[in-house]
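Given the coordinates of chain A, assemble chain B onto it according to the supplied hints.
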Amino acid sequence: MKTIITEYNYWIYILLMMIGLYAMLGQKNLVRKIIGMSIFQTAIIVFYVSIGAKEHGTIPIVEHGHGASSQAINALHYVNPLPHVLMLTAIVVSVSTLGVALAIILGLHRRYKTLEEDEILEQI
Amino acid sequence: MMIYSEQLPILLVILPLFAAILISVIGVFQTRYCYPVAVCALIGSLYAAAGVLMQVLENGVIHYQLGGWPPPFGIEYVIDHLNAMVLLIIASVGLIAVIFSKESVKQEMEDKIPQFYTLYVLLVTGLLGMTITGDAFNLYVLLEISALTTYALIALGEDRALLSSFVYVIMGTLGACFYLLGVGHLYIMTGSLNMSDLLTILPNLYTSDAVLVAFILIMIGIWIKMAFFPLHGWLPNAYTYAPSATSCLIAPLMTKVSVYIMIRIMFSTFSTDFVFKAYTAQNLIVWMAVAAIVGGSILALAQKDFKKMLTYLIVAEVGYMVGGIWLANRHGITGAILHIANDAMMTLCLFLVAGIIVYKTKGHHLDDMKGLYKKMPITMAAFTVGALSMIGVPPTAGFFSKWYLILGAIDAGQWGFMAALLFSSLVNAILFFRVIEIAYFEPMSDHHADGHHGVPAMAIDEAPFSMLAPLVIVSLSLIVLGIYAGDIVTNIIQFAVPIGI
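Top to bottom, those sequences are chains A and B. Using the working numbering, you'd call the opening residue of the first sequence number 1 and step up by one each time. Using the working numbering, you'd call the opening residue of the second sequence number 1 and step up by one each time.
Bound-form chain A, shown alone (with noise of 0.2 Å):
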């Protein structure tokens, strides 16, 4: 029980995965698809978000960085900032994923005139 509290945002992102993952797969319309696999991709991005927290973090701005007085740094001060900068790139790869797949359902839809999977299946 301890853990489903203080380590509730990991519970979060299972949670978010699970749900994109049935919506991916268990799903016959292609654009339930897509909302399942945006948000299987965000449930990836929440983990790593929260991988990169720390309690009573701050930002990981350094003062006097550059001064003359050079202190020692507390890392356990600072939010990690590298998991963050990562999920920006990922951010992009998943933004430009949904644009390509709903081209493709565009496509499909011009073609096929509906979006349910079994119905195409069906034209074909």
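Hint data in this document are derived by calculation from the structure and do not stem from the laboratory. Please note that the accuracy of each hint is not assured.
Computed cross-link-like contacts, DSS-like style, restricted to lysine-lysine with a CA-CA straight-line distance of at most 30 Å [stated by the list, open to error]:
#1 A:K28 <-> B:K106
#2 A:K113 <-> B:K362
#3 A:K113 <-> B:K106
#4 A:K113 <-> B:K112
One side only, chain A facing chain B, incomplete, derived with CB under 8 Å [claimed, not checked]:
#5 M24
#6 G26
#7 M37
#8 F47
#9 S96
#10 T97
#11 V100
#12 I104
#13 R111
#14 I124
C-beta atoms are modelled at their ideal positions from N, C-alpha and C, and glycine is treated no differently.
Quick look at chain B alone, frame taken from chain A:
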């Protein structure tokens, strides 16, 4: 001159990237310049890849720091014997397939020439970048670049291509996300994304469950990407209905580069101590490879469509390579790495033939091949070489990698894997002799003349030079690769097999 040769690793990747931008700009004004620009960029890449391979052979491993940032912080390119070889394969297949694509693209998608070539060189960029990088997250980004371009390239194809491409989007994204999640777990445990850095930090953590989960997630992600049976569902339709020029590029390369990534993760990020000794999935995975080989071969036997038959053979070939690596001995891994090179060329050869058949007969059904030996002898001679290599008849290349794989299976005592290899050779023999029988003995039917495809039988003759030349080069290279297989193993591959195996 000195500085220039030091910069070859980055030139290799940057040239096609800039060419992609250039082509998309030029394409707005003049579509006829797209093809030459793409060819020039890929010639440049091939030159750089050959240069890099020479440097590696002379001086050993190259470390190239992007922007001069030292490794754990910046992104590093690492080129050793293994990826120097894979880079050369990618660059040469990319160049050969682009030369081939000229007429076929004109016929199949006249209004989309700039888009096609932009995506094409971008895909080559992605594949080269994935192979050359020494950074786990950089690999993910380039994996997605190559995946996104592949989705679009497949969607340019025939009627059913759109739905196949959509299925591939869903599965490909799933695979890439699993990989990313695994890398996230590694980052939590180690705080690093650089592969050689991970290699030194991880040994203390090999007992950790999180590292095991990371390894499993990464493996599943890569297996989805390489269509390892039973995760192969997306591949056959996507590769069958893609435009011919597209399938000539992706069918030889995508699965092979994924196999390369698997090797890189297994031996350069984790180590043989972890992969083969810390826990014992080795037997299970070899048996999965057996299932892939047998399943792929049987499904190929059931096909009536030439291109689809070839795609199921790719599924079987993936089983060869994964199984060979997980045999965990020197012969097995040597065979698997040699097979990356050989299979890329064999698959390219057969898909070039399929491309020519589609170009001439407008179909890729086995029935479309009736009587083709008389109509296009050179094409079909090249096809015969490719088929013999696929079956594994010496002196073609396919024989030697299969030989090493069988030696490895005997060393490891994996009789199931050996039986699967022999079974697959037998099935390949049946398959290709059936095709040869149809194309050689059966007379040209009325099938072509009835206007079903709109190509009368009389109009079918030998393909244009720009299609034949690449095909002849590839089929000769199959024999050359076979003759020099021993030299490739002693000069390149034996350095690529991890130490201690």
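A quick look at each hint next to the structure:
1. A:K28 <-> B:K106: 36 Å, violated
2. A:K113 <-> B:K362: Cα-Cα ~27 Å, so holds.
3. A:K113 <-> B:K106: Given pair A:K113, B:K106 holds - Cα atoms ~29 Å apart, limit 30 Å.
4. A:K113 <-> B:K112: 24 Å, holds
5. M24: 6 Å, holds
6. G26: 12 Å, violated
7. M37: 5 Å, holds
8. F47: 6 Å, holds
9. S96: Interface hint status for A:S96: holds (6 Å vs cutoff 8 Å).
10. T97: 6 Å, holds
11. V100: 5 Å, holds
12. I104: Since chain B brings a Cβ to about 5 Å from A:I104, closer than 8 Å, the hint holds.
13. R111: For A:R111, the interface hint holds, since the closest Cβ of chain B sits about 7 Å away, which is under 8 Å.
14. I124: Holds, because the Cβ-Cβ distance from A:I124 to chain B comes to roughly 6 Å (cut-off 8 Å).
This entry does not satisfy hints 1, 6, going by the numbered hints stated previously.
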